[in-house]
Structure formats: C-alpha cells, structure tokens
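Engineer: Each chain, letter by letter, is given below.
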Amino acid sequence: MAETVYDGSSGEFVPPEEVTAAGGEPLLQVLGLQVEFRTRDGVAKVLNGVSYHVNAGETVAVLGESGSGKSVTAQTIMGILDTPPAFVTGGSVKFKGEELLTATPERRRKVRGEGIAMIFQDALSALNPVFTVGFQIAEQLRGRRGMSKAEAKKAAIELLEQVKIPNAKGRFGEYPHQFSGGMRQRAMIAMSLALDPEVLIADEPTTALDVTVQAQIMDLLSEIQRERNMGMVLITHDLGVVAEVADRIAVMYAGRIVESGDARSIYAKPGHPYTIALLESLPRLDLKGQQLNTIKGLPPSLTNIPPGCPFNPRCRMAQDICRTEVPESVALGDGRSSACHFTGELMQRV
Amino acid sequence: MSETILEVRDLVKHFPVQVGVLFKRTIGHVKAVDGVSFDLRKGETLGVVGESGCGKSTLAQVLMRLEKATSGTVKFEGRDIFGLKGQELRRLRRDIQIVLQDPYTSLNPRMTVGDLVGEPFEIHTEVAPKGDRQRKVQELLEVVGLNPEHINRYPHQFSGGQRQRIGIARALALRPKVIICDEPVSALDVSVQAQVMNLLDELQTEFDLSYVFIAHDLSVVRHLSDRVAVMYLGKVVELGTDEQIYEHPTHPYTQALLSAVPVPDPELRGRREVIRLTGDVPSPVNPPSGCRFRTRCWKAQDICATEEPPLTERLGHLSACHFAEEHPHVAVV
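If you're matching them up, the sequences are chains A and B in order.
If you read the first sequence in UniProt numbering, its first letter stands for residue 1, the second for the next number, and so on.
If you read the second sequence in UniProt numbering, its first letter stands for residue 1, the second for the next number, and so on.
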C-alpha cells in the first residue's frame, strides 16, 4: 500500500473524517461531538470535538485512559447521558445518515436496541438482581417485538445458546447472582443481541474478567460480529485486546481523538506522542526490560484543560507552539490522522 | 544463592462454610489455600499469578498473619510467625508490610496524608520519637515521589497513582524487610501503572527489600519478578525463574494462561497458537479430585482424576502435572 505522508509543508488541513468517510455512508458516524458536565465545581469539558465512524462488519477500538471520555461518547451515541449534569453542546451523531441528537425520544428509543445496542463492563450491576436472566432477555422481545410469553422464552433460550451458555434451558430461570462472571457477560451479550442491532458498543466488556475468560468472551464477540456483519465499537484501555481484534483505532486523550487509523499501521508507527508513550509504557510479556518508559505527570483535570495541546505538559516533544495552539487533526493518508503539531516529523522517522 | 527470608511450608487456609442462625453448622470448607510451599530469598521478588479465586489474596493475608493458618508453617528469618507473641509479634509486624490493591478504599478518607503515613509510628514508637515524626513522614513522601508539602492534604485530593504512592510510603514507614504487594497496580491506568512499577523497582534496590508480588496480570509480574509461582485453586501448579515460567512452561494451566494474554502487536494476530480453556474455575469448596485442573485440561487422563500430581522438579523446574512437557507453540518469544 502506497503511503502518503503529510509533510507538514502545505499547511493544508483536511478534516480526517471527510477523507475516511468518503467511500459511502458509514453505519454510525460521530462528528465533532462536544459534551460538558456542569457541576458545582465548574464546567468540565468532557468531549471536545470527537469524531469517528464505524462501518458494517468492522471493529473500531476506542482506546484511552480513565477520564478520556470514551464512555461518555458511547453514552451520547446511545442517548443515555444524565442531563443534567451532562449537556451536548455541539456535533452530531448519525446512524445510517439519520441525525440522532435531534431525533424524537420515541425514535431514539427505537434505534436503541434495534439499531445500536450496548454492553457494559460490570455485568453484575448492569443486570437486574431481582429478575431471572431469562426474564430480562425475554422482556424486550415481548415489549418491542410483541411476542407472546412462550415465543419470547423460546427466542431467549436460542439467544442463550448462541452465546454458548451450557444448559440454556435450565439457566433461563436462574438469577444473575447464580451466574459466574463470564456467564453474566455472555447473558448480557445475549440481551444486547435480542433485537438484532446493526452496531454493538462494547464498553470495557472484559475488564472485570480473568484472562482465560476474557479470551473466551473476545472470541465470542468476534464470532457473533462476523456472523451478523455488525459494526462494533470496542471501548477499552487494554492495548493487548485492541491489537488482537481491532480493525481501526481511535486514541482518546482529554476528550479528543488524538490519533486514528488502521490498527496495524498505528502499532507499527504511531503518529502521536501520546500513542508512542502509551505503547512504550506497557510491560510486555515477551520482553523483560529494566525500566519502563513512563508518561510523566497525570491526565489533565477536565475542568481545567491546559491551553494549547492538552497533552503538552506530559509530552517529551513539547515546544512553545504546543502551549498556545491547539493542534488540528491532520490527515496522514490511508485513513490515518493525528492531532499533533509535529506529526509530520514523527511520521518521517525511521 | 542468597539466604531465605520467608519460608512457607504446606500452608493451608480453609474457611468454614456455615449455615443456620443461632446454631451454626459447618457444611463444608472453602479451600482457599491448600498446601502451598515456597521460599522467598533476600532481595528477590517472587511473583504470584493466578485468576480470581485461586487463593492469592488469602495467601497474602496469612503471610501477614492477619489470618491464622489452618495448618502449615511460615517462617520469617527462621522463626515460625504463628508461634510469636507480644513483643516478638510486634517486631514481626514491623518487618512484614503490605501494599493493597485499591488505593481508594485502603486509605481512611478522614485522615490526612501525614496521619496515614505517620500512623505506624504511633504503635511502633521506637522507630520515630514523637518530635521527629513529621520530618520522617516528609522524608517518606519524598522517597515515593510525592510533594512533602502535601502532608496536610486528604486522600481525595490525590489521583489513583498518587494514592498508591501514599500506600507504599505507609508500608515503608517501619523499614520492613518484606513487602507483600497484593495487586498494587491493577487499579491504575497504563501510564500511571508504569510509574508505580518503576518506583517499586527503585525502592527494592534502595531499601534492600524482598517482595511477594501478587497480580493477575502476567506481563506486570514478568516485568518485576525474579521467580514466579503460578496458582490454581489454592495450589501452586508451577514455580520457577521468570525465564523458566514464561519461556519454558510445562504445566498446561501456565501454558493456557500465557497463550490467553493478548499481545499488543497486531502483526501477530492469528499467527499465535492460542489455547482456549473452556468453562470456569471450579468451586474451591468442592475442588475436583486428583489434579484440580483436570476438568479444564486437554491432556487429562484417568490418572489425573485419581492421583494428585505433586509439585516436584520436572524438566528443570517445579511443576505439578503428570504429563509435564513444553508446548511447542506457547513459549513467549
């Protein structure tokens, strides 16, 4: 693949989303999303222009540390933000070309579940402890699909079988606390699939699980995605999981996408100092180093984001311009983009 | 080989499972730790890995003498810690300290950092005379990379990584010889995790510490450990140097665990052989007969159900499998 590298000389900034989304309408597109939390301690600017898109059959990983805004983006897409304190102040969320942020509550409810479904990190608190797992899956089939009790039960058991819960018939009548962690996550996946969504947002689906179980759940998700040709947004902070399943990556920092592009080329040659530092700070199973390279300092407080590039106080490359000017997202070719003043130099290094 | 500082032999900790309100009946035991033996040498880091429920945290509590062992011995510098009383026990408390996983719940929110880090001196007054305490606390804060001027702040004013540093300062206060780290970095973000790991590494050299480093993250354990013990359902299934465990594992569970760890390199996607275990870890109340891993093992034979494989030297290091052998595709390169 020919690599066109932005050389930094033309000074022409192309918003990367226009480049990457050119080939037809994406299934789900987030453009310039801005969300703020108005709290007693001030206004926290949680999202400051987040853009990404997902096509059918594709996995996009949204990577970032806690507080970077990855879950808030997902909640905005789903329309489950708590307002107040959260307010959407700009941008758009389009599902198959249809604007969701201005849609009626009825329309949003319809899209939720049937168009876009979501699974959460902590299955135990996401499931209702006083209803059986089977009831919770069948409930939406009865309410949204108008199935009878018997039909819904049959369909729910089929779903439990699809997510490979052994003895699905017997498990139908059990309560969430009777399930193990991995089984609960499977049940939640079954629930999210009940209405045949076209996009699945998985918010840290395996963070609470052990590695061997994590591997099972990631396999299951990939398999289901392939079968149904779903678009998947995988929200995670685990660089290992991302490398195993993602087609494309969006790296978030302080409410912005700082770098995006296809997974292989970002891991091979990251184009933003934050991505570089993140990859270097990771202890590797296959390498035993002496000292880990760390990122000094802490992520900024969202009520007080530093002027210029939000990463500049922690960046090894920071210059004067980084402290005054917010870097625009620059297209690097091949659908990659990076929001760094010096990304041209970074991409030219060997 | 340097001298042994902590010697653990056949350590067993069972918790009774009781039913009934007034008249409690014991209907079984949770076999949290069930016959664990290892040596911790001076100045080394022994990593303990395993999935949730394998008994690693119970092990930490027993080593700290926060829980009394059901049977077995733990010897610190040659003396059984369960036989100590009074003065001697106090002395032991100084020598073995712990760093806990969750920096949010392990610090009392109503105490200032100075009080938290200085609290050990209240009990062990011989370490720091009263007038000297504030200076000592500030020194400790500096050692762990915190601003000594923040001595009057409260835990909520710090981030997760900084709180974990407070926990480490508190563990260091009494100049211990052994620190048990129970998942010290698993609640932290990657960039902060690296900072804390480097700190632990530096402190070990500076204060000549021995660590028992408990974690579920195999890459973190590899980074810090000299030797590694792999636990499954209350037992150590494999123990060796980090190279033996990570590059030449012989126990099927270790192999499966290693192969399940996602490697942060998309180029290796689909090119690595991955062993997928089916099912979940069995209940520690009623573990399988014979080898405890047999219900999820692809090598299981009849002998595995009847005879428990002892942890003995097989192929160069300790492994508890009847069919211990290297797996051609798993070794981490």
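Where hints are given, some of them may not hold.
What the hints assert, rightly or not - The calculated label-pair distances, taken between Cβ atoms and stated as ranges, are:
no.	chain 1	residue 1	chain 2	residue 2	range
1	B	E149	A	R349	36 to 44 Å
2	A	T89	B	N286	53 to 61 Å
3	A	A103	B	A305	41 to 49 Å
4	B	G270	A	G297	56 to 64 Å
Rather than coming from a laboratory, the hints here were simulated on the basis of the structure.
For each residue, glycine too, the CB sits at the ideal point set by N, CA and C.
Engineer: All hints, please: hold or fail.
Structural biologist: Hint-by-hint comparison with the structure:
no., hint, in the structure
1, B:E149 x A:R349: 36 to 44 Å, "holds (40 Å)"
2, A:T89 x B:N286: 53 to 61 Å, "holds (56 Å)"
3, A:A103 x B:A305: 41 to 49 Å, "violated (59 Å)"
4, B:G270 x A:G297: 56 to 64 Å, "violated (37 Å)"
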